[in-house]
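Number of protein chains: 2
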Amino acid sequence: MTRDATYLDYNATTPIRPEVLDAMLPYFREHYGNPGSPYFLGQRARKAVERAREQVAALVNAKDPQEIVFTSSGSESDTLAISGAAWSKWEESYGRTKPRVVSTPIEHDAVRMTLVQLKMRGFDRALAKADEYGYVAPEQFEGLLTPETAVVSVMHANNEVGTIEPVEGIAALCREKEILFHTDAVQSAGKIPLDVQKMGADLLSISGHKIGAPKGIGALYVKRGVRLSPLIAGHQEKNRRGGTENVPFIVGLGAACELALKDLGDAKKQQRYESFRRLLAETAARIPDCRLNGHPANRLSTCLHLSFPGVDGHALVIALDLAGICVSSGPACSTGSPQPSHVLIAMGMEPELAQGSLRISFGYATNDEDVRRLAEALPGAVEKLRQVPAAR
Amino acid sequence: MTRDATYLDYNATTPIRPEVLDAMLPYFREHYGNPGSPYFLGQRARKAVERAREQVAALVNAKDPQEIVFTSSGSESDTLAISGAAWSKWEESYGRTKPRVVSTPIEHDAVRMTLVQLKMRGFDRALAKADEYGYVAPEQFEGLLTPETAVVSVMHANNEVGTIEPVEGIAALCREKEILFHTDAVQSAGKIPLDVQKMGADLLSISGHKIGAPKGIGALYVKRGVRLSPLIAGHQEKNRRGGTENVPFIVGLGAACELALKDLGDAKKQQRYESFRRLLAETAARIPDCRLNGHPANRLSTCLHLSFPGVDGHALVIALDLAGICVSSGPACSTGSPQPSHVLIAMGMEPELAQGSLRISFGYATNDEDVRRLAEALPGAVEKLRQVPAAR
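Residue numbers (our numbering), protein chains in the order written: chain A, 53 to 444; chain B, 53 to 444.
None of these hints come from the bench; they were simulated from the model.
Since the structure is predicted, the reported quantities are computational estimates derived from the model, not experimental observations.
Don't be surprised by glycine CBs; every beta carbon is placed ideally from N, CA and C.
Keep in mind that the hints are not guaranteed to be accurate.
When the alpha-carbon atoms are kept at most 27 Å apart in a straight line, the in silico DSSO-like pairs for lysine-lysine are as follows [to be verified]: (1) B:Lys171 <-> A:Lys150; (2) B:Lys290 <-> A:Lys171; (3) A:Lys290 <-> B:Lys171; (4) B:Lys320 <-> B:Lys250; (5) B:Lys436 <-> A:Lys150; (6) A:Lys171 <-> B:Lys171; (7) A:Lys171 <-> B:Lys250.
Take a look, some chain A residues computed to stay more than 10 Å from chain B by CB distance [what the hints assert, rightly or not]: (8) Gly94; (9) Asp161; (10) Leu225; (11) Gly277; (12) Gly294; (13) Pro300; (14) Pro340; (15) Val369; (16) Ala398.
Chain A on its own, in the form it takes in the complex (with noise of 0.2 Å):
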């Protein structure tokens, strides 16, 4: 049935760890309460749901559990934190004035479109520049952080090109004027350590299905006293996210952070991530005008962003799919979008190349024999593609 694919867009999506799958399979069948029910089979599904609340927890090193709250997805914790904190704010001013959010041009689509909307609704919105490789210093922030201002939300490492961001100075900035911190941590959680409280952080969204757990369920780190006004409002998780708790999956977001944080500390599986990146981008440097972007030294080790000049990206995604090898020209949010990437525009590069761009991303199922025959493959694929005329 499934062909075999060299799956390697680990930053679009990943496979579900066996082990989450195992720990969520008895709360689909025999332990079906409803967390909020008192009788046992309710209560055996609210010891399961805290439990995952300590394993997520402890991947970002929270102080308490209780700062946890279950979300359906990192989009929703990016839009909670940034949208909650807006308007919690302006609660707090009686409804007086609408504050200011600040971020930066490199976000996800989740933080970029919430903005907007909060724009629509008379927020007021101040975006701090990033530089070529889409980094952007804590000294672009300064002007911007006025005593209006009621959330900064820079990510903590870019899911197209995999710079990580100095968050602990912005974090630091923001603290100084008192002013929240949310950080959009989907791509650096399992990456690379998560630590709330060395970076600063009140706010952090990670996503379940980035880490091996399924799409469906993320979660927000708020620290204690912070106050968001709920997105969904309703009884469950302290008054902070309506809805019935989706127990299967909060099982396996506690599972998969379970796994990722073990990962974290097996040096040997953080080396093979840059084996596999070395080897990659030297087959890279070896097609010509190949570049390979995002920060030279702060950025994961789990993925690599090349562009080549006079290349339709999308087309070279088809050709290696044609060869079952799974990789992407962008974020898959915006897949089929005619537009280039607003990240790579924000860092200056010219559309006509932001549009040859290909996203390499790795993790935990990634083998030798994955890397490899992608390696074999693109040269010829990236030479094919550069002798048809563009159709574009």
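Start from chain A and add chain B according to the hints.
Chain B only, in chain A's frame:
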């Protein structure tokens, strides 16, 4: 491991149907692609999502599967519908006036709390009156439907007392005045036929875990042409709901909708629910001073709601739990709340009596033995509690 449970709290949540779990499993294992990805693994996931959309559309008799938006819960569907319609009308007025939202005092907290939040954000809220059966007659809406009204939200069947509301008549009033009509059909889905066209609904919410799919998935029917301001902004679901699609649960919801539709056409199954209800109502009638709540005719067959003067409902639930029977004293999402049910209060019930309530609800896997066990245990449990001096 699992105690032999007599589960009679289907209004709180349902066990997952084995066919639903079977349908989902391949999407946890081999078909893990992101439906937004262009390569084969992504497109296989996309196909499954679109097939499920057809199955959900069939249950509610939508004209076009594209009228179905997948969400993470009934609560999210309700919030997206009401808040999305209200903000969209505000946008259409170029931010000049915050429109009105009209509803009833017997709605689920997902609706009720959304209305509270909208009111706090400057929208106008009006509620029609319910009668002693929890029935809200169309006449009650006269005078409330101003030109500034964005949306009217009335639940299809009440989650506590099982009363079925005259949504068709209310929708007709809305249509006359060009006001959107939303119905929360979370408790009616799978229990009585749903037909958005006949009903005249513009927006209709359903939830997976009330019909044998898992907790963490819902859907909103959005009539073609109806504009909603998104709750979670993003490209997915045609820009109506951001976040990577929860492919396995979407597949599960589709399968559950198909099974529900089949069951609705099975007269024997429907009669069986009536006979369960009759047996339990007869048992209740033999308990001194027991009151059967809800509408005598316009009601679901799958639940009954009782009140026992001089008995604490929560204590009764615990007493029955000790006998291995799972029933509830009210909605699971407000368990532990010291407040009496807002639904019963809106029906004019004394708070003291409201807190002596028991909700019994059944579904696809309920058998004669389950019902018999409760019928045997209930009279004794009530009698025993009445002998204990009230601790309240």
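Hint check:
no., hint, result
1, B:Lys171 <-> A:Lys150, "17 Å, holds"
2, B:Lys290 <-> A:Lys171, "21 Å, holds"
3, A:Lys290 <-> B:Lys171, "21 Å, holds"
4, B:Lys320 <-> B:Lys250, "25 Å, holds"
5, B:Lys436 <-> A:Lys150, "57 Å, violated"
6, A:Lys171 <-> B:Lys171, "20 Å, holds"
7, A:Lys171 <-> B:Lys250, "39 Å, violated"
8, Gly94, "7 Å, violated"
9, Asp161, "6 Å, violated"
10, Leu225, "27 Å, holds"
11, Gly277, "21 Å, holds"
12, Gly294, "4 Å, violated"
13, Pro300, "6 Å, violated"
14, Pro340, "25 Å, holds"
15, Val369, "6 Å, violated"
16, Ala398, "18 Å, holds"
The structure does not agree with the numbered hints 5, 7, 8, 9, 12, 13, 15 stated previously, though it agrees with the rest.
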